[in-house]
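Residue numbers (our numbering), protein chains in the order written: chain W, 1 to 458; chain A, 459 to 916.
It is possible that part of the hints are untrue.
Claimed, not checked - Calculated from the model, a selection of chain W residues having no Cβ within reach of chain A, i.e. all distances over 10 Å:
hint	residue
1	ASP23
2	PRO63
3	THR328
4	GLU332
5	ASP399
6	GLY430
To be verified - In silico contact screen, one side only, chain A against chain W (beta carbon under 10 Å); selected entries:
hint	residue
7	PRO503
8	ARG841
9	SER842
10	GLY844
Since the hints were derived computationally from the structure, they do not count as laboratory data. Please read all numbers here as calculations on a predicted model, not as lab measurements. Beta carbons: idealized from backbone N, C-alpha and C, even for Gly.
Number of protein chains: 2
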Amino acid sequence: MRLVIVGGIAAGTKAASRARRVDAEAEIVVYQDEPEPSISECGLPYLLSGVVDERADLVARTPEQFAEKGVEVRVRHRVEKIDPENKWLSVRDLENEGAFEDGYDRLVIATGARAVLPPIPGADLEGVFELRFLTDADEVRAYMEARSPKRAAVVGGGYIGLEVAENLCRLGMEVSLIEGEDRVALAYGPEVAERVEERLKENGVSVYTGAKVEEFKGEGCVRGLRYGGGDLEADLVVVGVGIEPSVELAEEAGVELGETGAIRVDRHMRTNLADVWAAGDCVETVNLVSGKRAWVPLGDTANQMGRVAGTNAATGEDTLEFPGVLGTGIFEVFDLGVGKTGLSEDEARETGFETVSAAVETMDRAGYYPGAERVFLKLIADRSSGRLIGAESAGSGADKLTDVCATAIWGGLSYPDLINLDLAYAPPFGPALSPVIQAASVLSGEFDRARRGVRAIE
Amino acid sequence: MRLVIVGGIAAGTKAASRARRVDAEAEIVVYQDEPEPSISECGLPYLLSGVVDERADLVARTPEQFAEKGVEVRVRHRVEKIDPENKWLSVRDLENEGAFEDGYDRLVIATGARAVLPPIPGADLEGVFELRFLTDADEVRAYMEARSPKRAAVVGGGYIGLEVAENLCRLGMEVSLIEGEDRVALAYGPEVAERVEERLKENGVSVYTGAKVEEFKGEGCVRGLRYGGGDLEADLVVVGVGIEPSVELAEEAGVELGETGAIRVDRHMRTNLADVWAAGDCVETVNLVSGKRAWVPLGDTANQMGRVAGTNAATGEDTLEFPGVLGTGIFEVFDLGVGKTGLSEDEARETGFETVSAAVETMDRAGYYPGAERVFLKLIADRSSGRLIGAESAGSGADKLTDVCATAIWGGLSYPDLINLDLAYAPPFGPALSPVIQAASVLSGEFDRARRGVRAIE
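One chain only, chain W, in its complex shape (with noise of 0.2 Å):
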């Protein structure tokens, strides 16, 4: 059996991987474009600014590796075409310039997205950057090593372009953050919002909201941007305004595509083609919260989905399933964690949930405990069942209170449970009761309160 996976980065490796393990005899081959395979894109941000150190270091195995495992992994190789009919395959040797026609068995498709550029003038200027790809970083770094860029505009403010203000920061440049919205981290409610801004600005980076790029200015090189609202100097502009699926190929070759506009994919992973599964970001899935169809390029998302479609591609059954997703994400910025699960308020409002929530801002830590640092809590719930359905988190602990939400949402868990949930305390790791649970009592009398609301209106 011939395994073929387009594609060689979070879920195309880890697919390839999975298959391995599986199936001992399959011969597995991955094409991809970019010059190295299993690339961890989430760490590009930090390597602009030194935090991880060597390039190699976001490179989690080598074409060499994955000889060794009997996986080859055929780099600077692009797909051009899918023949599902014939099983074919049309690849272009981009290093050699050559193209050759392979056949498959089976077919995974892990093309994963790519950054948008707006269109906006002077995007084309020397000196303005996306950061999607490792080739992305090489090229801003080298582009920083050649002149020294003291002033840098970064464009978005989603956890791509607030990751790289922050390490654009620790190379000591001059950063302003635009963003288009009204707020920063959109995906997240106003509290958090502010929390990070107000974070931004206490480490120098000048920001800007409701402040739409019209212009990128200078000849030949970047020397600033004219937004809504004015005029900013720049010799270094980082892009971050968004992704998209890079579902061309499989477009062409009758790959259904969904009304997020990435592949759509049954819980197997399969495409409606016979024999072809694909996986990772350019896939849609469900989130389960919403149970609408969702598109959420993630990492994590892209290895579990990954896992479940080279498995069942080399059994060729359905033989493992991936449920969905509950939208959970989680940033850093200038030691600020900021994670979320489930649906913000406004997402909720817009699947038709009533909502019911409670805040609380507490210490990640016993106070007395030296080192206990804030850490805010937003707990949302479904008005009629109490359910859990989104929680918003920022500060110290952010990651531990985002997870055990999200544990408590793939639970189906309300809040009544969550005041009684047994969670660990000792005085290092929490206050005695967890946030969570302060959190859920909060949320208790806010249900109380919207029952007595309910009577006095009936």
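Following the hints, position chain A against chain W.
Structure of chain A alone, referenced to chain W:
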């Protein structure tokens, strides 16, 4: 309505505060032996070393602060008798040596637990201490001030013994830890115990296991001890071999005790007596995993129980319920976090489970991210259902992993859920796949193997 609460540490003061919130009119009185209410007993080991600066830091709220909220806290008052028939109490004023009677409409018993001093000859020598109450810590500190002990022996390798050993080391003492059983941290499996012993030894603690103390030696003041294997010099001894519930007052009043020896209550924290509730370290509850009655004296659980007892005592109804515990616990020893939830493999087998388990040792964040440290996680599942029934963790982020697993057990999750669980990933917070997901994946392989094993036998 006059609500009297006997005991004013965690459960008692929580019950009082909740009752105050629920019923603004009630008279609420708390009696307690100790000179301060609402003491954070979990912080005592850290007070010895000065990690916690001031004893006042461990008093969450003074009687004056309670008075402002309309709760009368009468310290140094011991309730000596409860007459449930006539709803009268006999109270001794320990300060002024008087006695009086008081009436109640409703009563909450929160008499807590006390240290067990084993019947070892010499246990009454000066310099031999237990560490349960704030007054115990005062005595140890006064002794250290007066005698400047150089060699400490800590008897008992459970939570309290381990924390005390660490804190005495911080003071520059030569510390020995003596445990009668064959390993420390007995509630955990051997993998965790090994890691704890290693950490103790790395930090200069001499660890003696399988070493039963036979005698404390000295004249007037302790000079050493004799154990099964030999002799040890020591001019300070702290005994932390266990605690027992303080139930005599309740028992004499006709309150029913449970099979563990602690007070038996229903899910609403009601005792068998009308208008008498109980909460905290003096009551038993249910381990929701084993289904067995369990006595789990911990500060966070006491708070949760106090909330329920205080609310229900205030309303006089079964307003809230406390369903039980998972047996979650955590401690830190020399920066090694060690947490547990659910059942250990031994406990699971004793309960009648057939188990499948898997362990991983992995990093607490992306391997390339600076400061990545190791963490161990073991998952224990019920063989027939695949449900998670226990987890143990040691290392960086053990608190997070323990809490995630506790929440997973509460939610009834099984290993396929854990593999696909949508947890928060970014490089500073974890590896791309959480140790929980990694361990669940290994566990899945163990289940496959177990199933094949069964087939082979069939």
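For each hint, the structure was consulted:
no.: 1; hint: ASP23; verdict: 14 Å, holds
no.: 2; hint: PRO63; verdict: 19 Å, holds
no.: 3; hint: THR328; verdict: 4 Å, violated
no.: 4; hint: GLU332; verdict: 5 Å, violated
no.: 5; hint: ASP399; verdict: 4 Å, violated
no.: 6; hint: GLY430; verdict: 7 Å, violated
no.: 7; hint: PRO503; verdict: 9 Å, holds
no.: 8; hint: ARG841; verdict: 20 Å, violated
no.: 9; hint: SER842; verdict: 20 Å, violated
no.: 10; hint: GLY844; verdict: 14 Å, violated
Of the numbered hints listed earlier, those contradicted by the structure are 3, 4, 5, 6, 8, 9, 10.
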